[in-house]
Amino acid sequence: MMNELEKEFQAYYGQFDREHGSLRQSFVASMAKAEAPARVRIRLRGWAKMAVAAAAALLFVIGATMWGPSAQPGGLNGQAAWATVVEQFPRINSIHFTLETPTGDETVQVEMWWRRPHEYRMELPNGLVITSNGEKRCQYDPATDKMLITAPGPGPEMFILGELGGLFAAESELSRDWASQCAYLRTEEFIYKGAQCRKVFCEKDGRLYEYVIDGRVSDEPGGTRMPFYEVKEYSGVKDGRMLSHLQVIEVGADWPSDLFEVVPKPGMSVVDRREE
Amino acid sequence: MHLGQPDARLVERALAGDESAFAELYDRYARLVRAIARDGTNDLQQAQDLAQEVFLRAYSKLGELKNPDRFGYWLASIARNVARESRRSRLRERHLWLGEEAEELVDEMAEELRDTQETRDRLVLLAEAIAVLNDKERLALHSFYLQGQDIEQARRIVGVSRSSFYRLLGRAKERVEAYMREREGR
Chain A
1 MMNELEKEFQ
11 AYYGQFDREH
21 GSLRQSFVAS
31 MAKAEAPARV
41 RIRLRGWAKM
51 AVAAAAALLF
61 VIGATMWGPS
71 AQPGGLNGQA
81 AWATVVEQFP
91 RINSIHFTLE
101 TPTGDETVQV
111 EMWWRRPHEY
121 RMELPNGLVI
131 TSNGEKRCQY
141 DPATDKMLIT
151 APGPGPEMFI
161 LGELGGLFAA
171 ESELSRDWAS
181 QCAYLRTEEF
191 IYKGAQCRKV
201 FCEKDGRLYE
211 YVIDGRVSDE
221 PGGTRMPFYE
231 VKEYSGVKDG
241 RMLSHLQVIE
251 VGADWPSDLF
261 EVVPKPGMSV
271 VDRREE
Chain B
277 MHLGQPDARL
287 VERALAGDES
297 AFAELYDRYA
307 RLVRAIARDG
317 TNDLQQAQDL
327 AQEVFLRAYS
337 KLGELKNPDR
347 FGYWLASIAR
357 NVARESRRSR
367 LRERHLWLGE
377 EAEELVDEMA
387 EELRDTQETR
397 DRLVLLAEAI
407 AVLNDKERLA
417 LHSFYLQGQD
427 IEQARRIVGV
437 SRSSFYRLLG
447 RAKERVEAYM
457 REREGR
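Sequence order for the protein chains is A and B. Quick note on numbering: the first sequence equals residues 1 to 276 in my numbering. Quick note on numbering: the second sequence equals residues 277 to 462 in my numbering.
Hint data in this document are derived by calculation from the structure and do not stem from the laboratory. Please read these numbers as outputs of a predicted model, since none were measured by experiment. Cβ coordinates follow ideal geometry from the N, Cα and C atoms, glycine included. Only true hints are included.
Far from chain A, some chain B residues (derived; all Cβ distances over 10 Å):
| hint | residue |
| --- | --- |
| 1 | Q281 |
| 2 | P282 |
| 3 | A284 |
Cβ pair distances, simulated, as ranges:
| hint | chain 1 | residue 1 | chain 2 | residue 2 | range |
| --- | --- | --- | --- | --- | --- |
| 4 | A | Q196 | B | L332 | 35 to 45 Å |
| 5 | B | D303 | A | G206 | 45 to 55 Å |
| 6 | B | G280 | A | V271 | 51 to 61 Å |
Could you put the whole structure together from the sequences, leaning on the hints where they help?
This is the structure we're talking about:
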């Protein structure tokens, strides 16, 4: 069955090669008439330049203090590096990530887009989509073609994220408190996707957290550097099973607003419970 | 002609005014973008038109791309948005996609396979099976088959890890096979 299916996949996808030559020619002609793209540069005004310089100086002082000679085994001040990373959370305006949660023999994967202060989109298995944009929360199930509208704000789906999700929504003070409550265990240096990174292992409430971080201080406006690349949560410090695996895809991206709502289509069953 | 340059290098050249560099990106990703656009319409020609629109949009916004290494992922996001916009207005007609226009297209595809009646029906069924997958699963299939079955390239377009991509692709194929088996009454 599978060999036959593979041939059919090849035949199906072969259709997208059709007329490529003429389509390419047409596109190149359109491109020549279009306005050439220009690199977008962020130009800071005088006062903003001073503010960035002051912030960078402050961060340098903090970094020099925290990253100075360490009493930690191995000579790496991982907890300080992690704390500096957590400081960056409130500066991130948007984040796109996947979260995998093993459940028995399967792994459930959720994909999420989150934009401050209150917009998010979550895509769950089987096509279920949940969005919230400050005006309404939409929950759409393609299997039944039904949409439920409720008051805006996090719903039961946020339990999927657990404490990790709370870090993005929490104010900076809470984020720092969370980091300070983590017991630093150890740090390992390793190469991650071709770049020098660190794995920082922390324990909180009996669970082990394994972070892959860059840890470089960033003064990019809008926060486009990922605070961490991946986080794995284990049920215990030793030989615990993995509870969740969060992978950051992108931060600071600019998404259209319609990403955070489900627009009703003709024929879709819509139940609006905002007034209830 | 600069063959085999990384996407990031082609993006830089395009931003510097080299249109041939963006044309090369078009060659690399046009088929994928058409497949994604096809998810939002029941017509191959319209999918081709939507794909052209996606590339023009990407060309005009190229300077906003923060990480040129992720051009494929970024382009696929634009294509998915365009397909989503198109699908919202056409979802009600989705069942029509299995009608005359799909039959016409399948006639041509099947002819290339020196078709039998059985083959023609199965290609329509395959198209239907792909249509009912969720966005991520569909994108995994499109990326895999239209990027030369290069797992690394495909998973970067989908934006997931290698292991997640394998699971996603496996699940997509299983669902397609199960759907076809169920519809054929096997």
